[in-house]
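Student: The primary structure of each chain is shown beneath.
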Amino acid sequence: MNHSLVNWFKFASPASFYPLVGRLIPFFATAAAILTIAGLWVGLAVAPTDAQQGEGYRIIFVHVPASWMSMFIYCVMAFWAALGLAFNTRLSGMMASALAPTGALFAFLSLWTGALWGKPMWGAWWVWDARLTSQLILFFLYLGFIALQAAIDDPRRADKAGAILALVGVINVPIIYFSVQWWNTLHQGASVSITKAPSMAHTMLLGMLLMALAFWAYTIAVALMRVRCIILERELTSEWVKKNAME
Amino acid sequence: MNGLLYPFQQSVRRDLLLAARHKTEIITALFFFVIVVNLLPLGIGPDPDLLRKIAPGALWIGALLATLLGLQRLFAPDHADGTLEQMALSPQSFTLLVAGKILAHWLVAGLPVVLIAPVLGLQFDLSGRGLLILTVSLLLGTPILSLIGAVGAALTLGVRGSGALLSLLILPLYIPALIFGAGAVEADLAGLGPEGHLSLLAALLVVSTFFAPWVTTVALRVALE
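Just so you know, the sequences run in chain order A and B. 43 is the number of the first residue of the first sequence in my numbering; add one for each residue after it. 12 is the number of the first residue of the second sequence in my numbering; add one for each residue after it.
Any given hint could turn out to be false.
Said to hold, decoys possible - Simulated crosslink set (SDA-like; lysine to any residue; CA at most 25 Å straight-line):
no. : chain 1 : residue 1 : chain 2 : residue 2
1   : A       : K52       : A       : A120
2   : A       : K161      : A       : Y99
3   : A       : K285      : A       : F53
4   : B       : K64       : A       : W168
5   : B       : K64       : A       : F220
6   : A       : K52       : A       : F220
7   : A       : K161      : A       : M246
8   : B       : K64       : A       : L174
9   : A       : K161      : A       : V106
10  : A       : K52       : A       : R198
11  : B       : K64       : A       : A172
12  : B       : K64       : A       : Q223
13  : B       : K64       : A       : W170
14  : A       : K284      : A       : W168
15  : B       : K64       : B       : V45
16  : B       : K34       : B       : P123
17  : B       : K34       : B       : P52
18  : A       : K161      : A       : A87
19  : B       : K64       : A       : W224
20  : A       : K161      : A       : E97
21  : B       : K64       : A       : V169
22  : A       : K52       : A       : M246
23  : B       : K64       : B       : G169
Just so you know, these hints were derived from the structure itself, not from any lab. What you are looking at is a predicted structure, and each value in this text was computed from that prediction instead of being measured.
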């Protein structure tokens, strides 16, 4: 059947995935460390002071990449969830549950740094802006996913129930976003817009890009570490764990 | 055609019959709604201008909470006595049976809320037109709450602390319905006309009618494994 084709499912087995990941983690962890140092250096030392916002704007180098990651991780989670439901692979569910805490962390970080940024710039910790509100709801969706998985004892059922929830959530995210945006324009509540008109200096963009890559590498490294733990927890009784992984 | 929808009809009939034998549950949920909505003026103050402004939101949030109250019992009793498994094993379409249960839930939990809403709206000093729009928005919106809620009820079936978990899962997903439902009255008060909001609400209803029973069935099968 699969003559010359690559066997895509080879690494879908925890037994072969576990050692592969073990080799990948140091690489991504190092990349995360180097990129964070480079990104922070560019962001905090090299990038010019903003004409309107002074030094306070520099929180953007954490805030924007964290927001990107929080949204992106939810999509990746839904991708693994769909894959798990379609192919009934064990590893997909493990990947989804390994990504969820990091996604929630970034969503929280994005809200927190947003509040810290908002206070000096807008004079308020929180405004009912469409983006803030939908980010908060995204955070709730992450919490729901984690809570649902934590509440179910049987890991296979937890994976599948979480997968359904993640897919329902990912369909709802655009609906929620547009409804909140509509609601916001109707209310005319927040007169502040986050979409900044002035074009950014190249160094600022570079700093943001470096930080985004750093967060990517961090996410991959941490999610893979977490998935290794999950694999060990679930496969504790299997032969290969006793043979190879426990050395 | 009739034969195709037979399981659906029977499922609705059965759940309505069961509900009719436990009337107090319906009445309790309805009074919960009435009390929650009536507590708001007591907390906020009797200023009619303010009350008129918060009326749609207050009634809608009351409706959300009242729907949540009944959702836990949507599948749990049938799961406990094995009926749900028999339904899943039966040659009839499980999705249709589940859709019937969801419709019955709306008839029992949603419809009374819609019917009593105009009375509560009067307490908030809404105009006749405002009352009409509010009732229409609830009529379109409460089925959405039952449909989306059924997915959550199926996911949390037989799970530890399912009540609190259910609200955590479902309430974020209710936000679009809340925004468009409560927004319809406000848009009308602002002179924009409620049609846009009501159309979007109807669109949400169509989409969730199409998907929710199916997703609920998938989730139930996971829970029954």
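Student: Against each hint, give a clear statement of whether it holds in the structure.
Tutor: Verification of the supplied hints:
1. Between the alpha carbons of K52/A and A120/A the distance comes to roughly 22 Å, so the proposed pair stays at or under 25 Å and holds.
2. A hinted pair counts as satisfied when its Cα atoms are at most 25 Å apart, and K161/A with Y99/A qualifies at roughly 12 Å.
3. A C-alpha spacing of about 18 Å is found between K285/A and F53/A, which places the hinted pair at or below 25 Å, so the restraint holds.
4. With a CA separation close to 22 Å, the supplied pair K64/B and W168/A stays within the 25 Å bound.
5. Simply put, K64/B and F220/A have alpha-carbon atoms about 23 Å apart, close enough for the 25 Å limit, and the pair holds.
6. Pair hint K52/A plus F220/A does not hold up; C-alpha atoms about 41 Å apart against a cutoff of 25 Å.
7. As the CA atoms of K161/A and M246/A are separated by approximately 22 Å, the hinted pair is consistent with the 25 Å bound.
8. Taken as a hint, the K64/B and L174/A pair is honoured in the structure, with Cα atoms around 24 Å apart against an allowance of 25 Å.
9. Under the criterion of a C-alpha separation no larger than 25 Å, the hint pairing K161/A with V106/A is consistent with the structure, at around 17 Å.
10. At most 25 Å may separate the alpha-carbon atoms for a hinted pair to count; K52/A and R198/A meet this at roughly 20 Å.
11. At roughly 21 Å between alpha-carbon atoms, K64/B and A172/A fall within 25 Å of each other, so this suggested pair holds.
12. For the suggested pair K64/B and Q223/A, the alpha carbons sit about 20 Å apart, so the restraint of at most 25 Å is met.
13. A threshold of 25 Å between alpha carbons decides the hint, and for K64/B with W170/A the separation of about 18 Å falls inside it, so the pair holds.
14. Only pairs whose Cα atoms come within 25 Å are accepted, and K284/A paired with W168/A is rejected, the gap being roughly 52 Å.
15. At most 25 Å may separate the alpha-carbon atoms for a hinted pair to count; K64/B and V45/B meet this at roughly 18 Å.
16. Taking the CA atoms of K34/B and P123/B, the gap is about 12 Å. The hint holds against a cut of 25 Å.
17. Pair hint K34/B plus P52/B does not hold up; C-alpha atoms about 29 Å apart against a cutoff of 25 Å.
18. Annotation: proposed proximity of K161/A to A87/A holds, straight-line Cα distance about 23 Å (limit 25 Å).
19. Our distance criterion of 25 Å between C-alpha atoms is met by K64/B and W224/A, whose separation comes to about 18 Å.
20. A C-alpha spacing of about 14 Å is found between K161/A and E97/A, which places the hinted pair at or below 25 Å, so the restraint holds.
21. Pair hint K64/B plus V169/A holds up; C-alpha atoms about 20 Å apart against a cutoff of 25 Å.
22. Taking the CA atoms of K52/A and M246/A, the gap is about 42 Å. The hint is violated against a cut of 25 Å.
23. A hinted pair counts as satisfied when its Cα atoms are at most 25 Å apart, and K64/B with G169/B does not qualify at roughly 41 Å.
Comparing the model with each numbered hint stated earlier shows that hints 6, 14, 17, 22, 23 do not hold.
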